[in-house]
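As given, the protein sequences belong to chains W and U, one line each in that order. Numbered by full-length UniProt numbering, the letters in the first sequence go through residues 1 to 265 in order. Numbered by full-length UniProt numbering, the letters in the second sequence go through residues 1 to 344 in order.
Note that these hints are calculated values from the structure, not bench results. Glycine is no exception: its CB is placed at the ideal position from the N, C-alpha and C atoms. It cannot be assumed that every hint is accurate.
Pair ranges (Cβ atoms, derived) [claimed, not checked]: (1) W:Met74 to U:Ala28: 37 to 47 Å; (2) U:Ile186 to W:Ala243: 37 to 47 Å; (3) W:Pro199 to U:Gln157: 54 to 64 Å.
Residues of chain U placed beyond 12 Å of chain W at every Cβ, according to the derived structure [stated by the list, open to error]: (4) Arg30; (5) Asp42; (6) Pro265; (7) Glu321.
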Amino acid sequence: MWCVAVAAGSFRRYATYRVATAAGVFTNTVFGFIVAYTFVALWAERPHLGGYGQAQALTFVWVAQALLAAAALMGGGGLEELQERIRTGDVAVDLYRPADLQLWWLAADLGRAGMQLIGRGVVPMAVGALVFPLALPGDALTWGWFLLSVLLGIVVSFGLRYLVALASFWLLDGSGLSLISGLACMFFSGMLLPLRVFPGGFGEVVQLLPWAAILQVPADVLIGARSGGALLRGLVFQAAWGAALLALGRLVQSAATRRVVVHGG
Amino acid sequence: MTDPAGTDPEPLIDVRGLEKVFTVRRKAGRLRRVREEVRAVDGITFQVPRGEMVGYIGPNGAGKSTTIKMLTGILVPSGGRLRIAGIDPARERTRLARRIGVVFGQRTTLWWDLPLADSYELVRRMYRIPDAVYRANLARCVELLDLAPLLAVPVRQLSLGQRMRGDIAAALLHDPEVLYLDEPTIGLDVISKAKVREFVREVNAERGTTVLLTTHDLTDIEQLCRRVMVIDHGRLVYDGALDGLRAAADGERTLVVDLERELPPIDGVPGARTVRVEGPRQWLVFPAAQSAAPLVTAVAERYPLVDLSLREPDVESLIAELYARGATGTEPGRRTPDGQGAPA
Chain W
1 MWCVAVAAGS FRRYATYRVA TAAGVFTNTV FGFIVAYTFV ALWAERPHLG
51 GYGQAQALTF VWVAQALLAA AALMGGGGLE ELQERIRTGD VAVDLYRPAD
101 LQLWWLAADL GRAGMQLIGR GVVPMAVGAL VFPLALPGDA LTWGWFLLSV
151 LLGIVVSFGL RYLVALASFW LLDGSGLSLI SGLACMFFSG MLLPLRVFPG
201 GFGEVVQLLP WAAILQVPAD VLIGARSGGA LLRGLVFQAA WGAALLALGR
251 LVQSAATRRV VVHGG
Chain U
1 MTDPAGTDPE PLIDVRGLEK VFTVRRKAGR LRRVREEVRA VDGITFQVPR
51 GEMVGYIGPN GAGKSTTIKM LTGILVPSGG RLRIAGIDPA RERTRLARRI
101 GVVFGQRTTL WWDLPLADSY ELVRRMYRIP DAVYRANLAR CVELLDLAPL
151 LAVPVRQLSL GQRMRGDIAA ALLHDPEVLY LDEPTIGLDV ISKAKVREFV
201 REVNAERGTT VLLTTHDLTD IEQLCRRVMV IDHGRLVYDG ALDGLRAAAD
251 GERTLVVDLE RELPPIDGVP GARTVRVEGP RQWLVFPAAQ SAAPLVTAVA
301 ERYPLVDLSL REPDVESLIA ELYARGATGT EPGRRTPDGQ GAPA
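Pulled out of the complex, with its shape left as it was, chain W reads as follows (with noise of 0.2 Å):
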């Protein structure tokens, strides 16, 4: 099957990124320790705030910063890639091919992501919990669905830099549009506060959107502040975002190769 050998070249190209790799691990290394201790003032000062205890906001802070490149939780994770190739109208060549364009990406992006957890999540994760006392579970089921909820958390993530990369399509310049998107998925997926803290009709609303597939799922489902009919929905409401949000690309591809002008000679 081709997805797999996109999905595969994929991941060994980031591979060949070791410097890149290195300074991904060693920066999200630092950012995890800035993050845990304003985090340990913070439960020390409020205990149980969101309903999390100390250890695991702990360990919220160092599922965010494993998944930070692998879930692209900032933006980019590859896709800006996609972005230029339909400004400079490189997209032609992706289009000559007999490969469904949104397909090509996910396999790729899946292979990227595979790559990035392994090679940036690992080391941060392993860290943290040699500093700081985290809550990980001791059973192998739940960090299997941790895994399953974090390969649904990059799908969602992938369904809306897609949409995002497809509107250059139609924008001159999508780098501005890719700034904001970048900056609502570090909000509202959670990684700068969980979603949970936040109170009232917000905090709910907030759990509802498509951002907190990538993040805050995950992350509840790690720590066990998910389980049973909690951890069930939680991976069905990822589900339905990642394939409303695909859908929502196929209909935005099409209408882009069918109406709009492949830019360049």
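For chain W, the structure is supplied; the task is to place chain U on it using the hints.
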């Protein structure tokens, strides 16, 4: 084999009255915008039989790329009828993609950060190429395009010429019936250009692959295509033999001669006139349709000739002239397809 009407019963590429109209909004005053129609391709008709190599030329913005995009199905025509091997490209883009190969001189289909071989492996899976066919085609491309030392090299480290050869191989691994080449020699040095042309010629001759070649390099056309189509302002202004283009355009060729010493301008050579003298070097122009041989003989007989070179009119000036004359219809130069197919 001769078909005086120029319409084969089942041409591989069949284009009739093809149109592409873009709507552009233009500012007219402070807030008002007017919609304007731009006819990028304005009623083009041509047929290409299986196995033919055709040059498709025209100045920038003439509609070449738009035509190619419609032929490959990534743009939907506004009007006309279009079939490639019986397939409507816009409707069945993916099915068509398995049967065509596309090479852009200025873009690449190869994976930038991965070894060349990885891209080929992906092509194999994407086009579902049977193993035996893949191995044979790859071996042939590797041999003819000297790719062996490059297979393990990441594409970003390849020179332009190497990358171009890599791209051409990638487009041919699945045995496409039609190969679209869009400026395949742009930016290449003389040796790389020759290699690319030689390879394309072999593919056409051995496999009977139909080739549509877009280029600004008339040498590409001269060395590969007997038939040439010229497009300008979205219309075909010429479709016929290359030699006919020269005649149709009244182009002039230039003979540059180096004499032993400074001499007065050469004259009395029939059909030619001297336009420039610089020391022992002189420039003679003569109609492009006329052979240079008698001219050279005439000069050599009467003057102490040391060296000479021949300059062809470049394609841009030919086209410019062709269009400026408002070439009426394509009938005079209409091709006769005999002998233009590939050897069986």
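Hint-by-hint comparison with the structure:
1. A hinted range of 37 to 47 Å for the beta carbons of Met74 of chain W and Ala28 of chain U is consistent with their spacing of about 43 Å.
2. About 44 Å separates the C-beta atoms of Ile186 of chain U and Ala243 of chain W, a value consistent with the hinted range of 37 to 47 Å.
3. Against the hinted window of 54 to 64 Å, the Cβ-Cβ separation of Pro199 of chain W and Gln157 of chain U comes to about 55 Å, which satisfies the hint.
4. Every beta carbon of chain W lies more than 12 Å from that of Arg30 of chain U, the smallest distance being close to 21 Å; the non-interface claim holds.
5. No beta-carbon of chain W is positioned within 12 Å of the beta-carbon of Asp42 of chain U; the least distance is around 17 Å.
6. Against the 12 Å criterion, Pro265 of chain U stays outside the reach of chain W, whose nearest CB is about 43 Å from its own CB.
7. The beta carbon of Glu321 of chain U is kept farther than 12 Å from every beta carbon of chain W, the shortest such distance being approximately 23 Å.
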